[in-house]
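Asker: Chain by chain, the residues run as shown.
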Amino acid sequence: MEIIEKLKNADLRGRGGAAFPTWQKWQMVKDALSADGRKFVVCNVSEGEPGVFKDKFILERWPQTVVDGICLAMTAVGAQKGYIYLRRSYFAEFESKLKKIIGIKPIEVFCEPCGYLGGEETTLLEAIENRRCEPRSKPPYPPQIGLFGCPTLINNLETLYYAQKIDKNEYNYCRFYCISGDVNNKGVFEYPVNWTIEKILRQSGNYPEQEFFVQAGGGASGIILLQNELIDPLSGAGAIIVYDKIKTDPKKLMKQWVDFFLAENCGKCVPCREGIFRLCELLEQEKFDRAAADEILLLLREASFCPFGRSGASPFATLIDKIFMPVAE
Amino acid sequence: MKIIIDGREIEADSGQSILEAAKNAGIEIPALCYHPDLSVKANCRMCLVEIENQRAPLPACQTKISEGMKIITNSPKIRNLRKINLELIFSQHKEECNDCVWLGTCQLLKLAKEYEVEITRFADRKSGRPVYKIGPIEFDQTKCIDCRNCLEICQKQSGGFLELTGRGYEIGITPSADTQKDCLYCGQCIVHCPVGAIEAEGEFEEIEKPLLDAAKTVVVQFAPSIRSSIGEMFDLPPGAIMEGQLVAGLKQLGFKKVFDTAVSADFTTIEEVSELVERFKNNGVLPMFTSCCPAWVRYVEFFRPDLIPNLTTARSPQSMFGGLIKTFWAQKQNLKPSDIVVVSIMPCTAKKYDVVKEDNYIDGSKRIDYVLTTRELGRLLAKHNIDLKNLAPLPADQPFSEYSGAGVIYGAAGGVMESAIRTACWQITGKNPQQIEYQAVRGIVGLKTAEIAFGDLKIKIAAANGMENARKVLAILDKNPKSFDYIEIMACPGGCIGGGGQPLPVSDEIRRQRAAALYQIDCAKTIRFAHDNPAVINIYEEFFGKDKEKIHKILHTNYLPKPKTAIQQIR
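Those sequence lines, one after another, are chains G and P.
FYI, this note's numbering numbers position 265 of the first sequence as 265, with every residue one higher than the one before it.
With the second sequence counted from 1, adding 1000 to any position gets you this note's numbering.
Keep in mind that the hints were calculated from the coordinates and are not lab data.
Certain hints may be false.
Stated by the list, open to error - Rough simulated footprint, nothing fancy, chain G against chain P, three-plus residues with beta-carbon under 8 Å: (1) 1084-1093; (2) 1159-1168.
As the list claims (entries may be wrong) - What follows is a set of in silico ranges between Cβ atoms, one per label pair, in the way DEER data are often shown: (3) P:1155 - G:174: 48 to 54 Å; (4) P:1054 - G:209: 42 to 48 Å; (5) P:1361 - G:111: 55 to 61 Å; (6) G:184 - P:1155: 52 to 58 Å; (7) P:1209 - G:111: 52 to 58 Å.
Idealized CB from N, CA, C, for every residue including glycine.
Input sequences plus hints: build the corresponding full structure.
Answerer: If you want it as structure tokens, here you go:
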């Protein structure tokens, strides 16, 4: 069976967070016409979101599978060149090891020049093209017009790892979960994709005894879930961050998030640049102006240029609603 | 294709954005970072609209229409988002409305009213930021909303003197410290800034200054392009011809004499064409470039001093006029040159730099004492409660009252070239051309080329407007210096009618209308050749005689390589 068909049957979805069907992306790049005949594959190992460290885990153990996955994708979509796009610290750690495995294959090991936003797929393209790290307008989407104007497949490292597994008929319908926070057994765990968050926590020996809540997906974009809301499989980038409900000061937590966003924000669009600045201001004030915060979060979610702001609003909104200022039932 | 905007079925061209389609249908969608001259950036997020079957609102500037698309531009949700967004934009923008180039037409204020915005809801976060002065251009960072329009237009004009620095909320547009980059003073950043963060020197604090020299004889000249744009400062449509009213208005302001720069444009043409013919005859340096555009001259003096020998030594009309007033006219009036104050009304911010240039002096006196932009004059008139619409037209003053049609089209891109072609034909063949109008160089197309024959002499010409196109010409010449013989360069898109000192807003449509009015004036003139202008002929005979040295001293100049402009921080 052809690999794209296999990906479809396995229902593999992007593990970077957006969960887009992998086979569709591959098909789009395969079908796309390139003006100059070039196509590219980029393995995205930006992994810039707090609480997410599974790509590193895979890279440490199975770099060969990852490189094979990239080659598999390149062949499948007709790309002549591949990139492994590594965040700075990973580049320092894995560059030489990867280069050895790659050998003479046309795959470049690329050092990401920017932070969290650099993992956003169009920002990644700008970075490789040596421009300011900012998102591009979509459409056009990278599978049509991507790197250097050519059709480009951008997949998260874990996605390519599992694509290779699927090709070898070794797919176990699992994904990697990064569990951190107020737990006893932090780490990366490989469990079935359809497990509920509660089951994942219990199975990994991380289900807290004390009252807690979790941030599910990623430490920047993940939504807040209460103990009784852990009944669904995990979406997002694979992180489960557990917070002790008694010990955690929600305002401090939000301040921590907002500082992250303030530092990582590119400054391109009004909602993100100004909204996050003002959100930070609101969190520094003694009395929290919830009305203003709600308005800013709404704007961030609905009006931001890229997913950075759009999904960045969710943790704040859900934490305020559920923990910080819950409305009495 | 058919689309539905706010319940109205609209026929629109495929390939259009929602914003364009709506605009054509008379539906206004607010947009700040959008400018028809520039690429779509979608960073201000004001033009968000709701589209059926789309999860989140999308920016109308960036989203292309599709058949049957249902769009809502003004739902309560959209209005709410725009309100908050505006409040955040206002938090970047320090209001100094009384002194703003957008006074009376400010989009921000209009939107603030429409969306019931609390403009001071958040404290101005940029109040501590600097104000830069670069030559005659002032950039006030405390007003900038980071839309990046100036960045793009400056990239096209200067090759990137304005730079984007910092990240996140610390982002800012700053003048480049790179020694290889400089400002051309063209002022295109001003006319593309939606919020008045950039203005010309003295705008509008110093507009009264020229009139305060009551002990002296204060005279004024106004550039060709002003007459078809000043009306916009008085709510008239672009292209309203206000020549006579302008003269009347300037008189009311107290200027002793009002002269029309279109007259000295005729001098420029005659001198420039003579020089061109001479360069041809004596194997002089070719191609020859026009030099009436000060931003272009600045470009050559900073970026391409190797091309200085290619610039015509004939002065710009403004400068020739200053020289003539302080010599010929001063003598006639029995006035000391130092007792005359010459004020120019120009469409241009770079002309302000001409006042401090080393070649502005004649016999120790300034040719030009003050330059006001069209905007500044509009404001000055308004301040004195003079409404040009209500004035009876007056003719410009003698002995410079007569100009040719060729002189007035100087204000439009290609106009200098056309005037020169008309006169070149006469100088070379001894006859005026049968075809007076030379369409090949007209219009706002950025780069026009042609080959034109005067008897046996064939001249390859090019006319470029906008520095992006000027650089294209230079690239062609760098490959083959013989590609052209004579080249007109206007730094601003559309030429002077699109100048950096002109009223806001500007677009290709507005440029077309302003230019069309000048061609209309030309068309109606009996005298359409610079060399047929009796006022000019008279001065050549009466004043210059055959004194080449005198002609050179008053009507010509030379150029010098220039260092990078000092970037001053004035606040």
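Asker: Flag every earlier hint the structure violates by its number, smallest first.
Answerer: Every hint satisfied by this model.
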